[in-house]
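A.B. asks: Each chain, letter by letter, is given below.
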Amino acid sequence: MAQLFLRRRALILGTLSMFAIGLLWQLSVSLGVIDVFFVSTPNLVAQEFLVQFHNGVTLRDLASTLWSFVLALGLATVVGIGLGVFAGWYQDFESALEPFIWFKYSAPTIAFYPLFIAWLGYGTPTIVAIAFLFALTPIYANTLSGIKNVDRDLVRAATSFGATRWDVFTRVALPASVPIVVAGLQLGVGRALTGVVVAELFGAQSGLGFRIAYHAQLLQTTAMMVSIVIVIVLGVILTQMLAFVESKTDAWRVESQTR
Amino acid sequence: MVTFVSSTAQPRPRGVGRLNPAARSTLISFLAVVVFLALWQVAPILGWVNGRFTSQPTLVVQAAIEVFTSDNFLFHARISLSEFALGFGLALIISVPFGALLGTSQIARELISPPLMALYIAPTLILLPIMVIWLGIGMASKVAVVFLGAIFPIVVNTTAGMREADQRLIRAARSFGATRMDVFRHVLIPGALPSVLAGIRLAVGRGVLGVVVGELYVSQAGIGHQLVVYGSAMRVDRLLVYALVVSVFGYALTQVVRLLESRVRDWRSE
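Order-wise, the sequence lines are chains S and P.
Remember, this note's numbering sits 962 above the position in the first sequence when you count from 1.
Remember, this note's numbering sits 156 above the position in the second sequence when you count from 1.
Simulated from the structure, these hints should not be mistaken for laboratory data.
Keep in mind that this is a model prediction, so the values were computed, not measured.
Hints should not be assumed to be uniformly reliable.
Just so you have them, the derived chain P footprint on chain S, three or more residues with Cβ under 8 Å [said to hold, decoys possible]:
id	region
1	972-978
2	983-997
3	1012-1019
4	1031-1044
5	1097-1107
6	1179-1186
7	1196-1207
In this text, a Cβ means the ideal position worked out from N, Cα and C, and glycines have one as well.
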């Protein structure tokens, strides 16, 4: 029993603390410390979730947010890896891109929201564009450093055995940079989700971010909390999925080394 | 070290290739920006794009002069800056000791980790609407959003830094009679410093974003408020000026933290 506790301690303590937070939340309202209007209660949130789930609002919002997320992340992955590979292989191209990447990195993308509306129209295209820009930087930066920091000895060995530049690129540089690219994707997932939800706060007809802003205007805290909790859970699930992919690619790399 | 490089591996430099790599890279970056600005300038004139939606570099420069001389720029900048400084300062004061606690106590870590990681991953900006309900549309809600954006990266990185401390150093210190407090002050804190700074660098970006998004969402003054004003009026030139101001601020602050990081690295390797 004690052994079981030790082995599962992290899990048990973690679950315990989640319960404690829920309990504290419920009690602080039940005992009248905080007005229910401000924080709602876990009980009310659960009830509201069932209502929203049954009338289909939750699913529609979730689908809409996920669709924008997938489009944005897909686009950012293709463009980020493409540009990163190109810039990693051709030094001059990297130099040419550098000032723009710098600007993109430090500029508040969301500030250009009105411009995107003017260029792309209201709704999904603007949301996707903002989330795309949010997610692009880490994917590009990681791909770039992955390609650039390829083991020089490996490259020299391959070249001395007669590999062309193209061979080195496809057989050495690309496979070697997979793990760091996946790490960049993991960062990109979080940022793409932030981008989608934040853009939805400002203008959309559906989506979790839109729902939060909508209920905020009506001062319906309980309904807001439902979407907030869903976004937090979504973030955890998506990141865990990428962590799983990352562990797979690591295994693949080790395997190819031993063969 | 002698390396044998075949003549085909490094072709004889011609043209710009004769420059040393750093100068060549700077030159190309510079040229890319010039080409971009030139295209941006002529595209509306040639009718490739609608100038109303893209503005032009010359107009942006003009707008910058207008914004900095009139337009109450300092007033708005001061409001945004105080929101950022308050939220970030508060986050620093709380997160570093909190991260230190989590880094040194396994029980605390296992208790707090799940909610902490969930909030570290989740976009804390979605808490903005509820912060506005709690704290109103004034500065307090922005301070809260900056605080929420900045605190988690610092806590997580401080914790990681403390945990990655060299166990041999700790054991060596203990065996020479160091108390737990000594170990904490002379081994753990210096060891964790680079990681703490990396967390702070991440937090700067999130904090700046927090101010801007907070003010865009609802505000009466501040840089974000001006972005809304000129965005809805389609004054692209002035919008770009304010966006550039935020960019430069975020970049400068990040560079300061980077400088500190490299100082710490040099100091450690001595």
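A.B. asks: Verify this for me: three or more residues of the region 1097-1107 of chain S with a beta carbon less than 8 Å from a beta carbon of chain P.
C.D. replies: violated (count 0)
A.B. asks: Please verify the coverage claim for the region 1196-1207 of chain S: does it have three or more residues whose C-beta sits within 8 Å of some C-beta in chain P?
C.D. replies: holds (count 3)
A.B. asks: Given that the region 1179-1186 of chain S was listed as covered by chain P, double-check it with a C-beta distance under 8 Å for 3 or more residues.
C.D. replies: That given contact holds, which follows from 3 residues of the region 1179-1186 of chain S lying within Cβ reach (below 8 Å) of chain P.
A.B. asks: Please verify the coverage claim for the region 972-978 of chain S: does it have three or more residues whose C-beta sits within 8 Å of some C-beta in chain P?
C.D. replies: holds (count 5)
A.B. asks: The region 983-997 of chain S covered by chain P? Criterion: 3 or more residues, Cβ-Cβ distance below 8 Å.
C.D. replies: violated (count 1)
A.B. asks: Three residues or more, CB to CB closer than 8 Å: is that satisfied between the region 1012-1019 of chain S and chain P?
C.D. replies: violated (count 0)
A.B. asks: Mind taking a look at whether chain P covers the region 1031-1044 of chain S? Criterion is 3 or more residues with CB to CB distance under 8 Å.
C.D. replies: violated (count 0)
This entry does not satisfy hints 2, 3, 4 and 5, going by the numbered hints stated previously.
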